[in-house]
Amino acid sequence: DAGVIQSPRHEVTEMGQEVTLRCKPISGHNSLFWYRQTMMRGLELLIYFNNNVPIDDSGMPEDRFSAKMPNASFSTLKIQPSEPRDSAVYFCASTPDPVGNTIYFGEGSWLTVV
Amino acid sequence: RKEVEQDPGPFNVPEGATVAFNCTYSNSASQSFFWYRQDCRKEPKLLMSVYSSGNEDGRFTAQLNRASQYISLLIRDSKLSDSATYLCVVNVGGTGGFKTIFGAGTRLFVKA
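Here the protein sequences come in this chain order: A and B. First residue of the first sequence: 1, per our numbering; consecutive thereafter. First residue of the second sequence: 1, per our numbering; consecutive thereafter.
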């Protein structure tokens with residue numbers, strides 16, 4: 001079975017450029033999450049969707065970050081403009097259970113902003 | 001104060017040792033609890049859920065103390081393959097849904 005699929009796996013971009021990260025959740029999963037992980041801050045929840053609707057975006061760092069989920073099988077996380085401090089691993093995850101008992105992660109998008 | 005706190009380690013133990021990790025959480029409304037494992041440069045994966053009565057999965061034992069808001073993970077007979085970061089995870093329910101909060105993780109190195 002296909003797991004959570006993220007793209008790109010790795011991206012190096014220059015400061016000021018727009019970055020778009022993509023995610024395809026596991027089919028049938030109702031909830032989708034975007035996390036960011038750094039050595040300093042650990043794994044931080046940025047936003048999560050339930051049935052394509054954003055439920056909690058309190059973790060989104062600032063207006064430069066935006067996320068969408070136009071349908072049940074696709075989500076994007078956009079950073080515009082990007083800054084070096086945005087360098088991190090961005091994980092997308094999904095779960096079939098609204099109580100969130102098991103979260104399945106994608107392999108992550110490794111972002112470096114220079 | 002962080003919502004979920006863990007000792008970052010690292011814990012360096014020899015093969016065969018028993019090692020225990022602790023985790024505390026701040027929200028008394030937390031509803032469910034888990035341990036995830038993350039290997040270097042990989043995504044986190046569920047290791048086990050944590051139940052109020054305590055539960056065991058092979059060499060791994062998890063305990064929950066709701067009164068003290070404390071979760072533990074015990075690994076017996078450590079293997080080299082247990083080397084990883086162990087993340088304590090707490091689900092907090094609310095009117096808008098639930099929130100899954102990860103601790104920063106405890107790093108374990110098992111050496112031969």
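Each hint should be verified, as a subset may be incorrect.
[As the list claims (entries may be wrong)] Keeping only pairs whose Cα atoms sit at most 30 Å apart, straight-line, the calculated DSS-like set for lysine-lysine is:
hint : chain 1 : residue 1 : chain 2 : residue 2
1    : B       : K2        : A       : K68
2    : A       : K78       : B       : K111
3    : B       : K79       : A       : K78
4    : B       : K2        : B       : K42
5    : B       : K42       : B       : K79
6    : A       : K68       : B       : K45
7    : B       : K79       : B       : K45
8    : B       : K42       : A       : K24
9    : B       : K42       : A       : K68
10   : A       : K68       : A       : K24
11   : B       : K79       : B       : K111
12   : A       : K78       : B       : K42
13   : A       : K24       : B       : K111
14   : A       : K24       : A       : K78
[As the list claims (entries may be wrong)] A partial selection of chain A residues facing chain B, derived with a Cβ cut-off under 8 Å:
hint : residue
15   : E11
16   : M15
17   : V19
18   : L46
19   : D56
20   : P61
21   : F74
22   : A88
23   : N101
24   : T102
25   : I103
26   : F105
27   : G108
Calculated from the structure, these hints are not laboratory results. Using N, Cα and C, we set each Cβ at its ideal position, and we do this for glycine too.
The hints, checked one at a time:
{"no.": "1", "hint": "B:K2 <-> A:K68", "in the structure": "holds, 28 Å"}
{"no.": "2", "hint": "A:K78 <-> B:K111", "in the structure": "violated, 41 Å"}
{"no.": "3", "hint": "B:K79 <-> A:K78", "in the structure": "violated, 41 Å"}
{"no.": "4", "hint": "B:K2 <-> B:K42", "in the structure": "holds, 24 Å"}
{"no.": "5", "hint": "B:K42 <-> B:K79", "in the structure": "holds, 19 Å"}
{"no.": "6", "hint": "A:K68 <-> B:K45", "in the structure": "holds, 25 Å"}
{"no.": "7", "hint": "B:K79 <-> B:K45", "in the structure": "holds, 18 Å"}
{"no.": "8", "hint": "B:K42 <-> A:K24", "in the structure": "holds, 18 Å"}
{"no.": "9", "hint": "B:K42 <-> A:K68", "in the structure": "holds, 25 Å"}
{"no.": "10", "hint": "A:K68 <-> A:K24", "in the structure": "holds, 12 Å"}
{"no.": "11", "hint": "B:K79 <-> B:K111", "in the structure": "holds, 8 Å"}
{"no.": "12", "hint": "A:K78 <-> B:K42", "in the structure": "holds, 22 Å"}
{"no.": "13", "hint": "A:K24 <-> B:K111", "in the structure": "violated, 38 Å"}
{"no.": "14", "hint": "A:K24 <-> A:K78", "in the structure": "holds, 15 Å"}
{"no.": "15", "hint": "E11", "in the structure": "violated, 16 Å"}
{"no.": "16", "hint": "M15", "in the structure": "violated, 24 Å"}
{"no.": "17", "hint": "V19", "in the structure": "violated, 19 Å"}
{"no.": "18", "hint": "L46", "in the structure": "violated, 12 Å"}
{"no.": "19", "hint": "D56", "in the structure": "holds, 6 Å"}
{"no.": "20", "hint": "P61", "in the structure": "violated, 17 Å"}
{"no.": "21", "hint": "F74", "in the structure": "violated, 19 Å"}
{"no.": "22", "hint": "A88", "in the structure": "violated, 13 Å"}
{"no.": "23", "hint": "N101", "in the structure": "holds, 6 Å"}
{"no.": "24", "hint": "T102", "in the structure": "holds, 5 Å"}
{"no.": "25", "hint": "I103", "in the structure": "holds, 6 Å"}
{"no.": "26", "hint": "F105", "in the structure": "holds, 4 Å"}
{"no.": "27", "hint": "G108", "in the structure": "holds, 6 Å"}
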